[in-house]
Amino acid sequence: MREEPLIRWDWIGRNWPGIQALLEDHVVMALVPVVVGLLIALPLGLAGVRWRRLYQPTVGAVNVIYSLPSLAVFIVLIPVTGLATRTTVMVPLTFYAMAVLIPAVVDGLTSVPDHVRQSAVAMGFTPLRRLLRVELPIAVPVVLAGLRVAAVSSISLVSVGALVGRGGLGYLFIDGWQRQFYTPIIVGIVLVVILAGIVDALLVLAQRLLTPWARARGTS
Amino acid sequence: MITFDGVTKRYPDGTVAVDNLRLEVPTGEITVLVGPSGCGKTTSLRMINRMIDATEGRILLDGVDVKTIDPPTLRRGIGYVIQQAGLFPHRKIVDNVATVPYLLGWDRRKARGRAMELLERVGLDPGMAGRYPFQLSGGQQQRVGVARALAADPPVLLMDEPFSAVDPVVRASLQEELLRLQAELNKTIVFVTHDIDEAVKLGDRVAVLRVGGHLAQLADPPTLLARPADDFVAEFLGRDRGIRRLSFVSDEGLRLRADLTVPVSTDVSALRGTAEPWLAVVDADDRPLGWVAVGDLPESGTLAGIRLAPYGSFVSGRDSLRGALDATLLSPSGGAIAVDDSGRVRGVATREALDEALDRVAGGARA
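Protein sequence lines correspond, in order, to chains Z and V.
Quick note on numbering: the first sequence equals residues 22 to 241 in the working numbering.
Quick note on numbering: the second sequence equals residues 24 to 390 in the working numbering.
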């Protein structure tokens, strides 16, 4: 009897349409929470900088959520958002993204040197214009660094959703494990790693394009 | 003209940063606010453009109370140069300079054109326009800061310790540059510094503030150095006041002797019997070479083969009495060689001539 090979390439070929669908599902479930998390983290971060006393409680609350095991959160959410739905997976991932991004926004805004802020005031910027034209652009490198961490960890965490029936490429791990058949597991791991690599590379590229002025400061 | 009319700044915790300040900043002059930290000089400056609002009293800008003007509008009409330049790191140099024109709604082309003009004006290579601030040295950044403050051609310029973060050589050149620009532009400048030498060098008038925000003395630099109002001001001015004051005394009254110079081609035999112990040797272009002691002349030959003693020179009509005094201390003969702008010798100021001039200065201080 011939030994079972580590990878059966023909399986990949036959199941490619299914793998592709899982990949798409994975991308959506991983990245929508990051985008939504960023949209929520921006105003919360701004509030945290404006009213310093608000910052610690906000970060504390988000960190508590971050510390909850993802699987437990998925299970708790099932009665509310349903079994095997995208929402069940994306809601906790949004909080995880926020846990990384709120401090990133706050750190980014506080990284604006005081003499730069003062000179913006002295030049006659109105507060809103100063925020949009000076403070937020200067915060971009720090926020993007946070975004890279949030995106990669989100891509990795989606897989856990497979245990509640919706895990994108994570399904391949469950499938392979149940059948003691390694090909899907390897395909899943490789695709998750490639996906994370591509998203990270795109964010680095975005950083290069958006902040050419920051290259020499070692913020990449 | 900027008028501080009984201005007080008191913080909620009771600290008084500026106490009933009365001060007039004349149009077209540099007024320096100087004092130790905690004397309220920066607070006073920032009350002019309302980065800080006064608790009591009024600040008038050409007769208009600044409190009646909306802060962003007020600030766009007043140039501001901050310590460490405060350039926007994410904007190119040209756009940094064009900041206020953009805020005033100028079109991009006109604003950038104006920015390029100013870069040149402050002595920067226009090729730097497309760079980012981190690519410039501290001194260059500070020049950009000055260009940015001038971009919308404001009549008033506020400068908050603008040169304190650069090394002494660069600082000196930035100070020269500011004086040169001011000679062309005649802005009303309020300049804050903790460095009394900088204050004395730049100020048409110097306001010395003491801790707690009291005005200790307001005077032009020579008066300040000659007649400090009290012990605090005298101590703050530091040592060597008398010598430093000489920087403000022109060398015009200094008697020069033209009979103490000899060309280097002179034969030593011609000099025997000269009554003067020292002679200044000059080359064919009348430039100074050094001193020769008449008593030590060799038997024969010209002056060309002789080792000359060192000399000190000053630019007549341009340097001050301080320069002349410095020059006499550099030569064993005690004479200071006066040269013209192109370095040609105009004459020699002897110790006796300097003594006469110094006597007049000391007499002036007494008056």
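One should not assume that every hint holds.
[Said to hold, decoys possible] Label pairs and their calculated CB-CB ranges:
no., chain 1, residue 1, chain 2, residue 2, range
1, V, 51, Z, 221, 53 to 61 Å
2, Z, 221, V, 195, 46 to 54 Å
3, V, 26, Z, 128, 39 to 47 Å
4, Z, 219, V, 60, 37 to 45 Å
5, Z, 86, V, 198, 53 to 61 Å
6, Z, 128, V, 61, 25 to 33 Å
7, V, 157, Z, 148, 52 to 60 Å
8, V, 365, Z, 128, 32 to 40 Å
9, V, 150, Z, 57, 55 to 63 Å
10, Z, 36, V, 132, 56 to 64 Å
[To be verified] Coverage of chain V stretches by chain Z, computed from C-beta distances (three or more under 8 Å per stretch; other residues unrestricted):
no., segment
11, 86-98
12, 121-133
13, 302-311
These are computed hints drawn from the structure, not numbers from a lab.
Cβ atoms here follow ideal geometry from the backbone N, Cα and C, with glycine treated the same way.
Status of each hint after checking the structure:
1. Restraint check, residue 51 (chain V) to residue 221 (chain Z): a C-beta distance of roughly 58 Å satisfies the suggested window 53 to 61 Å.
2. Checked against the hint of 46 to 54 Å, the C-beta distance between residue 221 (chain Z) and residue 195 (chain V) comes to roughly 49 Å, which is consistent with it.
3. Roughly 44 Å separates the CB atoms of residue 26 (chain V) and residue 128 (chain Z), a value that falls within the hinted 39 to 47 Å.
4. Between residue 219 (chain Z) and residue 60 (chain V) the beta carbons are some 54 Å apart, a value that contradicts the proposed interval 37 to 45 Å.
5. The beta-carbon spacing between residue 86 (chain Z) and residue 198 (chain V), approximately 57 Å, falls within the hinted interval of 53 to 61 Å.
6. Separation of residue 128 (chain Z) from residue 61 (chain V) is about 32 Å and conforms to the stated range, judged on CB atoms against 25 to 33 Å.
7. At roughly 26 Å, the beta carbons of residue 157 (chain V) and residue 148 (chain Z) sit outside the given window of 52 to 60 Å.
8. For the pair residue 365 (chain V) and residue 128 (chain Z), the beta carbons lie near 60 Å from each other, so the given range of 32 to 40 Å is not met.
9. Between residue 150 (chain V) and residue 57 (chain Z) the C-beta distance comes to about 45 Å, which lies outside the given range of 55 to 63 Å.
10. The beta-carbon spacing between residue 36 (chain Z) and residue 132 (chain V), approximately 59 Å, falls within the hinted interval of 56 to 64 Å.
11. Counting residues of the segment 86-98 of chain V whose CB falls under 8 Å from any CB of chain Z gives 5; the rule of at least 3 is met.
12. With 3 residues carrying a beta carbon less than 8 Å from a beta carbon of chain Z, the segment 121-133 of chain V meets the three-residue requirement, and the given coverage holds.
13. Requiring three or more residues with a Cβ within less than 8 Å of a Cβ of chain Z, the coverage given for the segment 302-311 of chain V is violated, as only 0 such residues are present.
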